[in-house]
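Same order as they appear, the protein sequences are chains S and Z. The numbering of the first sequence is the working numbering, which starts it at 13 and goes up by one. The numbering of the second sequence is the working numbering, which starts it at 13 and goes up by one.
No lab work stands behind these hints, which were simulated from the structure alone. Treat the hints with care, since some could be wrong.
Since the list gives no way to pick one copy over another, a pair counts as held whenever it fits inside one copy or between any two copies.
Stated by the list, open to error - Listed below are the simulated DSS-like cross-link pairs for lysine-lysine, each with C-alpha atoms no more than 25 Å apart in a straight line:
1. Lys-442 with Lys-304
2. Lys-403 with Lys-464
3. Lys-442 with Lys-184
4. Lys-184 with Lys-304
5. Lys-348 with Lys-464
6. Lys-377 with Lys-294
7. Lys-464 with Lys-490
2 protein chains.
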Amino acid sequence: MQRKIYLTMHSREEARQIFLSRFQDYRLATETIPSRQARGRVTAEPVHARFSAPSFHAAAMDGLAVRAEDTFGTSDEIPRTLSIAQGQAVMINTGYPLPADKNAVIMIENVLLSEDGTVGTIRAPVYPWQHVRKVGEDIVATELLFATGHRFRPADIGALLTGGCAEVRVQKRPRVAILPTGSELVRLEDVAEAIPAGKTIESNAEVLAGLVEQAGGEAEICALISDDFEIITSHVQAMAASDADMVVINAGSSSGSADYTVRIIEELGEVLVHGVTIMPGKPTILGVIGNKPVVGIPGYPVSAIIAMEQLVLPLLAQMQQIHPQPPVTIQAVLAKDMPSRAGIEEFRRMIVGRIGGEFVAVPLKQGAGAITTLTRANGILRIDAASEGEKQGQARGIELLIPLPEVERTILCTGSHDLCLDLLNDFLRKQRPAFPLASTHVGSLGGIMALKQGMCHLAGSHLLDPRDGTYNISFVRKYLADKDIRIITLVHRQQGFIVPRGNPRGIATIHDLFAENIRFINRQAGSGTRVLLDYELERHGLDGDAINGYGQDEYTHMAVAVAVLSGKVDVGLGIQSAARALELDFVPLVEERYDLLIPGALIDTPMIQQVLRVINQEDFQQAVELLGGYSTRETGRLVDPT
Amino acid sequence: MQRKIYLTMHSREEARQIFLSRFQDYRLATETIPSRQARGRVTAEPVHARFSAPSFHAAAMDGLAVRAEDTFGTSDEIPRTLSIAQGQAVMINTGYPLPADKNAVIMIENVLLSEDGTVGTIRAPVYPWQHVRKVGEDIVATELLFATGHRFRPADIGALLTGGCAEVRVQKRPRVAILPTGSELVRLEDVAEAIPAGKTIESNAEVLAGLVEQAGGEAEICALISDDFEIITSHVQAMAASDADMVVINAGSSSGSADYTVRIIEELGEVLVHGVTIMPGKPTILGVIGNKPVVGIPGYPVSAIIAMEQLVLPLLAQMQQIHPQPPVTIQAVLAKDMPSRAGIEEFRRMIVGRIGGEFVAVPLKQGAGAITTLTRANGILRIDAASEGEKQGQARGIELLIPLPEVERTILCTGSHDLCLDLLNDFLRKQRPAFPLASTHVGSLGGIMALKQGMCHLAGSHLLDPRDGTYNISFVRKYLADKDIRIITLVHRQQGFIVPRGNPRGIATIHDLFAENIRFINRQAGSGTRVLLDYELERHGLDGDAINGYGQDEYTHMAVAVAVLSGKVDVGLGIQSAARALELDFVPLVEERYDLLIPGALIDTPMIQQVLRVINQEDFQQAVELLGGYSTRETGRLVDPT
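Start from the sequences, fold in the hints, and give me the full structure.
Here is the structure:
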């Protein structure tokens with residue numbers, strides 16, 4: 013096994029500068045295109061007008077075209093009548109040519125026309141060329157309309173047409189060849205019912221292509237290439253010799269036994285950078301073959317995107333002479349501690365919303381393999397390489413991934429996980445006005461803590477008080493005593509055992525969890541489901557520690573269901589809808605109440621009012637019942653805390 | 013002549029709200045498209061995952077797949093050897109499936125492999141599922157990937173593919189039918205050598221289409237329609253009944269005799285708004301036919317764009333449930349007084365640049381007919397309806413039309429006009445780094461005043477001191493005594509008489525300006541050319557006031573040349589290149605020096621250094637000489653002020 017170590021890691025800024033300066037003088041090819049298609053394109057040479065605009069002296073107002081000299085001396089006291097019939101004055105509309113013997117226009121509002129329209133009476137003079145757009149007032153034939161390097165906006169197309177330029181010479185868009193490599197990859201289009209064993213659907217190429225196109229380039233995605241040094245080499249060689257302006261190899265950019273990219277670039281050209289102190293995105297390669305930039309982008313989807321955005325798109329911008337608008341950054345209070353490794357610049361995916369007058373940012377999971385951490389995020393927190401992390405409650409700059417007005421509409425929901433929240437989100441987004449609901453899952457108690465710290469708009473909770481069998485009330489009293497919190501029921505739902513289809517181990521009661529060879533998966537401490545389990549165990553005088561797997565936990569109902577589906581465990585406790593989603597069997601144990609906890613101070617905000625409106629809608633409640641295992645008999649009811 | 017008055021003018025905000033609320037519930041049609049083409053599109057229904065990701069327990073690192081239990085108890089002191097040959101440990105690459113009997117991965121960096129690769133020695137334990145991406149860790153089959161109303165970003169396409177969604181149901185893009193009306197219009201493609209007399213090239217339709225496309229819509233431009241009530245009516249009726257989501261009629265939105273739009277909408281539907289208190293853009297019509305929005309957009313190009321952006325694009329956004337990022341706004345000091353009519357909200361086109369630590373905004377001309385005021389602008393100043401104008405030196409918010417980093421690179425050039433400045437701009441933009449040169453023309457003395465107030469980076473000047481025949485030095489001493497100003501020669505150039513081709517009036521000397529029936533056009537007071545003329549008149553003991561046209565002036569050499577070309581005058585004083593550009597004849601009168609005046613404090617900035625570098629370049633100087641009438645014999649020379 014041949015191994016290479018990253019000999020010199022570079023910081024993002026160093027790596028970027030090395031790459032940009034190497035291709036400082038790279039010039040794109042040029043082409044001539046119709047002006048009507050030139051929006052967004054960049055001039056490759058100066059553009060001069062062929063025609064003047066206006067090309068004649070034109071009326072700038074509706075009115076009477078006159079000789080200004082014929083109006084001199086008029087006033088309210090000394091009106092004058094001009095003959096239209098005899099051509100002393102001529103009716104004219106805006107934009108039409110001024111008769112050759114006229115040099116001004118009197119606005120129609122200032123003319124008294126005779127009944128038959130043959131004469132007009134005026135009561136004030138005009139000066140020569142008043143209300144006339146003179147030849148060339150806008151554009152003079154031969155003048156420079158656009159210099160080299162101008163990016164056409166919509167208005168510019170109007171100037172091109174007006175100036176008589178039917179075609180323009182522009183830079184070609186930079187063309188990027190994307191080579192997806194990996195023997196484990198399969199195209200979605202080649203997958204029928206299920207993903208073949210051990211295969212992974214290729215998805216990065218299309219994402220990278222989208223980033224390229226968004227940056228003004230054109231992407232060409234090549235066919236999948238298996239992990240074979242010779243085959244990859246020949247493809248890279250071919251693309252570097254093609255008319256592509258850049259070659260992107262994904263993945264194989266690390267230093268594993270099947271990571272050939274760095275060796276291939278070394279053999280065919282030069283590796284400028286291998287390894288960048290960013291996370292995700294560390295195993296990135298920036299290189300050159302011939303005069304072409306060739307890059308190796310890591311395989312994990314989030315790594316691929318961060319590496320592309322931070323290190324490769326800047327070169328695409330430089331090639332096009334674009335200086336992009338920097339992302340909009342807002343100051344937001346961090347909802348959690350976020351430890352970070354010193355020496356590495358971290359890009360953390362965040363959900364941001366505005367609570368009262370303040371933005372709050374909730375971190376999502378860190379895994380570079382989880383594309384959903386990016387699709388769910390609406391902001392990015394950069395944690396500086398010098399930092400060992402950020403503290404909850406600090407305000408930090410967050411780079412927004414969506415427009416600010418959409419961030420401001422985002423409802424931050426946390427606490428316990430329930431599938432009805434996804435349904436609620438979907439319904440909320442269909443309303444006018446729409447407010448997207450962004451959920452993070454930290455368990456019921458975690459939600460209560462977030463409410464305590466003012467880090468969410470609402471929290472889902474199903475915390476059973478073992479002493480009296482009530483839900484949520486006593487916990488709100490205990491932890492949120494100083495807050496005005498409204499408890500509003502979302503649903504009643506079945507909790508029970510999620511088991512493989514057909515229930516092969518015959519799980520029926522809580523006692524069966526203790527049977528020999530039964531592997532169980534637990535929920536995390538602080539989750540309502542965990543509290544429920546412990547309550548049931550205690551009620552039956554049982555000791556959880558005797559259950560095989562009691563000490564291993566998952567954070568969501570779906571994760572528990574997946575553990576059962578994959579055969580990792582035989583049983584877990586969860587909600588029926590999770591079992592149903594994965595076509596597993598479900599053994600009901602108990603019905604519980606799941607409430608939304610909402611600060612009183614937010615109740616009258618449009619977003620919370622919209623939430624309350626939706627959960628009281630019949631169509632929403634019908635959709636909930638269709639999920640299975642739910643009752644909406646008290647949905648929308650304010651729980652009396654007394 | 014049937015006339016309608018705007019009965020009720022609305023403010024921009026009122027008009028927008030009337031329009032938006034009328035179409036609050038307008039729903040776009042939907043369609044199913046391949047996920048690979050879904051970037052930028054908006055979900056029409058919730059999207060659920062078909063597959064989990066990972067779909068198997070996958071190695072998250074390159075290394076050895078093991079049973080975690082086999083590693084317990086190891087340490088530096090107590091290493092353990094695992095047999096690869098016998099399958100106790102298995103070499104595995106990132107992303108590959110974990111063998112069924114393994115539950116963890118040891119990073120390859122922590123394994124000592126035997127020479128023959130049959131055994132690996134480890135010195136630390138791993139816990140179960142360490143360095144393993146478990147089934148469904150990213151996506152669980154059936155889970156909600158995207159709710160209704162989600163706009164796909166590049167990363168989202170990765171999630172769609174990974175989740176097994178080859179197609180998605182999305183909103184159709186809103187389709188906008190654009191009807192260009194006006195008997196005076198002609199398509200550029202139908203113009204051969206010259207624009208037919210009285211005709212105007214149609215250009216608004218393509219501009220409006222570009223705005224629609226930029227806003228996420230699809231535009232269909234209909235064929236040109238002449239100003240005929242019946243014909244326009246039948247077209248509007250047809251488009252309102254088509255599958256278009258909106259109909260835009262351009263122009264005829266005012267109240268002139270050929271302005272039919274308001275009557276047509278009234279007859280076929282309802283006029284919601286006619287007349288908005290904005291300038292440009294006042295004669296805008298917002299209406300409805302059937303359930304479709306139908307708008308009348310004014311004909312002047314700047315009016316058309318402002319009306320479209322301010323009143324129509326917000327509805328396109330609402331239809332798509334987009335809340336666009338507001339424009340980036342910066343505070344900039346106004347370079348001039350800007351009077352404004354109270355009761356009208358004005359949109360003034362500005363050129364913005366950064367001088368030292370401060371942004372400076374220079375207003376461009378106001379004319380709604382001049383598309384070049386928008387193509388040259390990089391920012392917009394809104395002057396509130398309540399305001400009677402803004403004062404020079406005040407800081408005001410400017411909405412940027414281009415990215416901030418490009419504004420920061422903009423060189424503000426003012427003073428006297430010379431065609432070499434266009435050439436300089438073009439050369440500057442071809443350099444790396446590129447700095448665009450944005451010129452406004454206020455005459456040499458105006459440029460000196462701008463320097464005095466710190467409102468430009470440099471100014472062009474050719475002010476002759478009649479006492480000693482020197483250029484610029486005495487004026488800099490007089491007006492900029494307290495400033496460190498460098499005078500650097502750009503060119504020497506010929507000034508002379510611009511006359512029609514063949515010089516039909518036989519103009520040869522300054523005395524000929526006094527001949528009978530000779531019509532002259534002057535340059536504005538404060539311009540170097542005016543000073544030169546007055547100097548020559550005095551030198552010959554002549555009285556300018558006796559010249560026919562001495563009191564009428566233009567602001568640029570090109571405007572003078574146009575006046576000659578159009579036959580409005582017989583002669584003007586100007587530079588040879590202006591005559592040459594319009595194929596006029598030129599009678600040399602005198603050679604003068606044209607300098608760049610540059611504050612010493614800015615000399616060492618990268619932008620000014622780039623200017624100095626370019627004017628000393630041979631290729632630039634060659635291009636200048638090719639213009640005709642120029643000498644570069646002292647170009648780039650620092651004029652000694654002593």
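Now for the hints, and whether the structure bears them out:
1. Lys-442 with Lys-304: between (47 Å within a copy, 21 Å between copies)
2. Lys-403 with Lys-464: Within one copy only: 17 Å inside a chain, 50 Å across chains, cut-off 25 Å.
3. Lys-442 with Lys-184: between (41 Å within a copy, 16 Å between copies)
4. Lys-184 with Lys-304: within (16 Å within a copy, 39 Å between copies)
5. Lys-348 with Lys-464: within (13 Å within a copy, 53 Å between copies)
6. Lys-377 with Lys-294: within (18 Å within a copy, 52 Å between copies)
7. Lys-464 with Lys-490: Answer is within; shortest intra-copy Cα gap is 11 Å, inter-copy 69 Å.
The structure shown violates none of the earlier numbered hints.
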